[in-house]
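Colleague: Here's the letter readout for the chains.
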Amino acid sequence: MNWLSWLFSGFLATLALSTLLSGSQGLGFTRMNLPYLIGTIVTPNREKARFYGFFIHMLNGWAFSILYVLIFQSWHFVNWWSGVLLGFAHALFVLTVGMSLMPGLHPRMASEQHGPNAARQLEPPGFMALNYGIQTPLSVFLAHGVFGAIIGIFYHLK
Amino acid sequence: MLHSGKRSAKVRIHLHSRESSRGEGTISGAAHSKFPTANSPAEGIHFPDIQFPEIQDYALIGDCRAAALVSRYGSIEWLCWPRFEKSSIFAAILDRKLGGHWTISPASYQHTKRSYIPSTNVLQTRFIGPEGTVLLTDLMPMSSTAFSKSRVLPDHEIIRRVECTDGQAEVKFDFAPRANYGRNAVVIGNKGRLGLRMECGHGVYWLRSPIPLAISDGSAQASFAMRKGDSINFSFSYSEEAPAVLPVLNDAIVARIQETVTWWQKWVELAEYKGEFRDQVIRSALTLKLMNHLPSGAIIAAPTTSLPEKIGAELNWDYRYCWLRDASLTTRALLELGYWREAGDFLDWMLHATRLTQPKLRIVYTVFGEKAPKEELLEALTGYKNSRPVRIGNAARNQLQLDVYGEVIDAAAQYAFHGGTLDREMQKALRGFANYVVKHWEEPDEGIWEPRSGRENHTHSRLLCWVALDRMIALCEKGSLKKAPLDTYKKQAELIRNQIRDRAWNPDLQSYVSVLGGNTVDASLLLLSWYGFEKADSPRMRGTYKMLRERLGENGQLIKRNEDSSGEGAFAICSFWEAEFLSLGGGILEDAKQLLRQLLKFSNDLGLYSEEIDPKTGAALGNFPQAFTHIGLIGAALSIAQCEEGEQQLAHRPEQATKQGATQEVSA
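Sequence order for the protein chains is A and B.
Just so you know, our numbering puts 53 at position 53 of the first sequence, and the rest follows in order with no gaps.
Just so you know, our numbering puts 514 at position 514 of the second sequence, and the rest follows in order with no gaps.
Source of the hints: derived by calculation from the structure; they are not laboratory data.
Careful, some of the hints might be misleading.
Sample of chain B residues at the chain A side, in silico, Cβ under 8 Å [stated by the list, open to error]:
1) ARG193
2) LEU194
3) MET198
4) PRO243
5) VAL245
6) PRO247
7) ALA252
8) ASP605
Computed, partial: chain A to chain B, Cβ under 10 Å [claimed, not checked]:
9) HIS57
10) SER111
11) ASN131
The calculated DSBU-like cross-link candidates involving lysine-lysine, where the alpha carbons are at most 35 Å apart (straight line), are [unchecked claim]:
12) B/LYS266 with A/LYS48
13) B/LYS601 with B/LYS113
14) B/LYS601 with B/LYS616
15) A/LYS48 with B/LYS86
16) B/LYS228 with B/LYS274
17) B/LYS428 with B/LYS535
18) B/LYS360 with B/LYS374
19) B/LYS360 with B/LYS274
20) A/LYS48 with B/LYS191
21) B/LYS385 with B/LYS478
22) B/LYS439 with B/LYS483
23) B/LYS274 with B/LYS535
24) B/LYS149 with B/LYS371
25) A/LYS48 with B/LYS149
26) B/LYS371 with A/LYS48
C-beta atoms are modelled at their ideal positions from N, C-alpha and C, and glycine is treated no differently.
The whole structure should be built from the sequences, with the hints applied where relevant.
Modeller: Encoded structure:
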C-alpha cells in the first residue's frame with residue numbers, strides 16, 4: 001500500500017466530501033448538517049458540536065478512505081470511475097444501514113418507536129435520511145461519488 | 001407561578017374532524033373596554049367563526065429573531081420563521097381563510113383577561129367560562145448561554161401551555177398552517193410519537209403534542225376535557241438544519257418556561273428608569289427588545305405587514321425592515337434606559353451593515369443589511385378587514401431621505417458622549433457620511449413621511465443635515481473623531497442653519513413650515529427642539545407649536561403627522577413628541593405629564609401601541625406593535641423624569657450626557 005498517496009488522496013477526498021455536503025445544505029438541497037449530527041454525539045452545545053463534528057468527520061473520512069485504497073490494491077487497478085462506484089456503494093451503505101442504526105448509536109437521537117425523551121431529542125434521519133430533506137440521498141450519493149473519484153484519481157497503486 | 005401539573009396526562013380527549021360541531025357557548029366581547037368591539041365576535045366561539053379581531057386585540061410574543069401575534073381569543077394569527085421578514089406560516093391576520101392560524105381556546109367562555117407575566121414577554125390569556133377557567137401561556141423561549149450550552153434546543157419554537165385553573169372546561173385545538181402567506185399548501189405528516197411533521201421550502205416544522213390529533217385538509221384538530229389542576233403542553237418548532245430538535249413536553253418544558261421568565265426579568269433589571277411611568281416604559285422597552293434582531297443588532301420598525309392605516313383603504317405597508325430614520329431616537333432611548341449593549345450593537349449594525357453602500361445610505365435595510373425586497377402585492381389575500389392590497393417588500397427602498405445621515409451620526413455621537421468609543425472604522429464611516437452631507441444637503445428628497453408624490457426641500461431633512469455636521473463638530477472638539485475637515489463642517493453647518501431660519505420660517509404664519517418657502521406644517525417640526533436647533537421655549541417654537549395644535553390637533557390629545565394625512569389615524573409618536581416638547585420647555589412640566597397620562601390610555605390592555613390611533617374611537621391602526629411609537633413613549637417619559645430631577649435633557653453635547661456607560665451584560 002502506498003501510504004503517502006493514501007494520506008494525500010484520502011485527505012483531499014474528505015475535504016471535497018465535507019465541502020459538497022456543506023454546500024448542499026447551504027444551497028437548500030438538504031437540511032442535513034453532518035458536523036452537527038456527528039458532533040452532538042459528544043456535546044449538546046450547538047456551536048461546539050459543529051466544531052467537534054467537523055474534525056470527527058474529517059478523521060472518519062480519512063480513515064474510511066483506507067478501505068477504498070485496500071480495495072483498489074486488491075483489484076490491482078485504480079481509476080476515477082471505479083472510485084465513483086465504490087463511493088455510490090459507500091453512500092448506499094451510509095443511507096440504509098448507517099442511518100437506520102443512528103438512533104441506536106447516537107446518544108441524543110430520538111427513535112421513531114419511542115419518541116423523544118429528556119436525553120434523546122434529535123430528529124432521527126428516517127429511511128435514506130429523507131427526514132432531512134427529500135434531496136438528501138442525492139446529495140449523499142453525489143458527495144460520496146466525488147469522494148471515491150478523487151481517491152481513484154489521486155491514489156497511486158504500489 | 002408555573003407548576004408542572006402532575007395530572008397533565010389525565011385529560012380526556014375527543015378527536016373531531018373540521019366538520020364536527022363546535023361549542024355552544026357565547027362570549028361577551030373583549031374584556032378590555034376602552035376600545036370598540038363592534039367587529040369582535042359577539043357570538044363567536046372559535047377561529048373560523050370569528051371576524052377579524054381589532055388590531056389592539058393582538059399581543060406580541062417573540063425571541064428576538066422572529067415574532068408572533070396572538071389574539072385575545074387564543075389564536076396565533078401571524079408568524080414568520082426564521083426571521084421577521086421571511087414568509088409566513090400563520091397569516092390569518094391578513095386573510096381569515098387562506099392565512100393559517102393555530103387556535104387553542106375553551107369551547108365555551110364568557111370573556112378573556114390577559115397579561116404578560118410581570119417584566120417578561122410571556123403572555124398569559126385567561127378564559128373565564130361558566131364552568132371553569134383555562135389559562136393559556138404563550139411564549140417563544142429564551143435562554144441564557146449556560147442553559148443552552150447544556151442541552152439541545154430547537155432553533156425556533158413556540159410553546160403553548162394550557163392549564164385548567166378552576167372548575168372544568170372542554171378545550172378545542174385547531175392547527176391550520178398555511179405556508180408562504182397562504183400561497184402554498186402544507187402537507188402534515190403524522191410521524192407517530194415524534195409528532196406532526198411539515199416540510200416547507202428549505203425548512204421543516206414540527207408540532208409536538210401529547211394528545212393524538214385528527215388530520216384533515218391540511219389541519220390538525222382535537223378537543224379535550226380538563227379539570228382543575230390539569231395541564232397540557234404543546235410545542236411548534238422550525239429548523240433549517242437537520243437533525244431538528246424535538247422537545248419533550250413534560251416537566252422540562254416547565255423549566256424552559258421558567259428559564260424564559262428569568263431571562264426577561266433579568267433583562268428588565270438592567271433598566272435604570274425609576275419614574276412615574278415605569279410600568280409603561282418597561283413594557284415599551286420589552287416590546288422594543290422583541291423587535292431587536294439579536295444576531296445582528298438591528299431593530300425593525302414593526303413585526304407585521306399591511307395592517308392598514310385606514311380600514312378598507314390602500315395604506316398598507318410592510319414594516320418588517322430597519323429604517324435608519326429611527327436611529328437617533330432609538331439610541332437615545334436605549335442609552336438612557338441603561339441598555340448599553342443594545343445601543344452598541346445597534347450602532348455596530350448601522351455602521352457595518354451599511355458598508356456596501358457607504359458613504360451613501362439607503363433608508364431601509366433588512367436585518368442583515370441587505371436592500372429591502374422589491375414591493376410585491378399579494379392579490380389572493382383579502383387583507384385585514386378587506387384592506388387591500390397586502391404588500392410584502394417596500395418601495396421606499398428606492399427613496400432618497402437626506403435625514404438618515406443626521407440620524408446615524410447623531411446616534412453615534414450620543415454613544416460617544418455617553419462614554420462609548422468610536423473605533424477607526426466607525427470614524428471613517430462617519431466622515432464619509434458627513435462629507436456626503438456637505439455635497440448634497442441642498443438637494444430635495446422624499447422626507448421623513450415618505451410620500452410617493454415626489455421630492456421637495458423638507459425642513460426636517462435640512463434639520464438633520466445640520467445635525468449631522470453639528471455633531472461631527474462636537475465629536476471633533478471632544479476628541480472622539482480625528483482627521484475631519486472641521487472648518488468645512490462649521491461653514492456648511494452655518495449655511496444650513498441660516499437657510500432653515502430664513503426659508504423654513506413663515507412670518508405670516510409665525511411658524512416653521514414643513515417645506516422651505518411653504519405654508520403647511522407637520523409634526524416633525526417639534527424635533528427642531530429635540531435636536532437642539534431651537535430652544536423649546538423660544539418665541540419661534542412657541543409659535544410653531546401653536547400652529548401645529550391648530551392645524552394638526554385631534555380631540556385635544558392627539559396630533560396628526562401632517563396636513564395631508566386626512567382619513568388616516570393620528571401618527572402615535574407625534575403625540576409623544578408633543579409631550580416631550582412640553583417637558584423640554586415648550587410648556588410646563590405638569591402639562592407634559594398630563595398629556596403623557598392621557599396618551600397612555602390609548603395603548604391596548606397589554607401596554608402595546610400600533611403605528612397610529614383612530615382619533616374618534618381610540619382604536620389601533622397600522623402595523624402593530626410599532627417600535628417608533630414605543631420609542632416615543634420612552635423618550636417622553638425620560639425627558640419628563642430628567643426635567644423633574646433637574647438633570648440635563650437630551651445628550652446631544654458631551655456636557656449634556658446624563659449617564660456615562662458602564663457596559664452591562666445580559667447573556668443571550
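Colleague: If a hint holds in the structure, say so; if it doesn't, say that too.
Modeller: Cross-check of the supplied hints:
At its closest, the beta carbon of B/ARG193 sits 3 Å from a beta carbon of chain A; the interface hint therefore holds under the 8 Å criterion. Against a cut-off of 8 Å between C-beta atoms, the interface hint on B/LEU194 holds, since the closest Cβ of chain A lies about 6 Å away. At about 12 Å, the closest approach between the beta carbon of B/MET198 and any beta carbon in chain A exceeds 8 Å, and the interface hint on this residue is violated. Checking B/PRO243 against chain A by beta carbon gives a least distance of about 4 Å; that is within 8 Å, so the hint holds.
For B/VAL245, the shortest C-beta to C-beta distance to chain A is roughly 5 Å, which falls under 8 Å, so the interface hint holds. Because the closest C-beta pair between B/PRO247 and chain A is about 6 Å apart, less than 8 Å, the hint holds. For B/ALA252, the suggested interface contact is upheld, since its CB lies about 6 Å from the closest CB of chain A, less than 8 Å. Annotation: interface hint on B/ASP605 violated; nearest CB of chain A at approximately 37 Å, more than 8 Å.
The beta carbon of A/HIS57 comes no nearer than 15 Å to any beta carbon in chain B, farther than 10 Å, and the hint placing it at the interface is violated. The interface hint given for A/SER111 is met, as the beta carbon of that residue sits about 8 Å from the closest beta carbon of chain B, less than 10 Å. Evaluation of the A/ASN131 hint against chain B yields a held restraint, the C-beta minimum of about 7 Å falling below 10 Å. Restraint check: the Cα-Cα separation between B/LYS266 and A/LYS48 comes to about 26 Å, which is no more than 35 Å; the hinted pair holds.
Straight-line distance between C-alpha atoms of B/LYS601 and B/LYS113 comes to about 17 Å, which keeps the hinted pair within the 35 Å bound. For the suggested pair B/LYS601 and B/LYS616, the alpha carbons sit about 14 Å apart, so the restraint of at most 35 Å is met. Taking the CA atoms of A/LYS48 and B/LYS86, the gap is about 28 Å. The hint holds against a cut of 35 Å. For the suggested pair B/LYS228 and B/LYS274, the alpha carbons sit about 39 Å apart, so the restraint of at most 35 Å is broken.
Taken as a hint, the B/LYS428 and B/LYS535 pair is honoured in the structure, with Cα atoms around 32 Å apart against an allowance of 35 Å. With a C-alpha separation of about 19 Å, the suggested pair B/LYS360 and B/LYS374 falls inside the 35 Å cut-off, and the hint holds. The hinted pair formed by B/LYS360 and B/LYS274 fails the criterion: a straight-line CA distance of about 40 Å is larger than 35 Å. A distance of roughly 29 Å separates the Cα atoms of A/LYS48 and B/LYS191; the hinted pair therefore holds under the 35 Å criterion.
As the CA atoms of B/LYS385 and B/LYS478 are separated by approximately 54 Å, the hinted pair breaks the 35 Å bound. Restraint check for B/LYS439 and B/LYS483: the C-alpha separation of about 18 Å stays at or below 35 Å, so the hint holds. Straight-line distance between C-alpha atoms of B/LYS274 and B/LYS535 comes to about 27 Å, which keeps the hinted pair within the 35 Å bound. Proposed proximity of B/LYS149 and B/LYS371 is supported: the alpha carbons are some 34 Å apart, at most 35 Å.
Proposed proximity of A/LYS48 and B/LYS149 is supported: the alpha carbons are some 9 Å apart, at most 35 Å. For the hint pairing B/LYS371 with A/LYS48, the CA-to-CA distance comes to about 33 Å; that is within 35 Å, so the pair holds.
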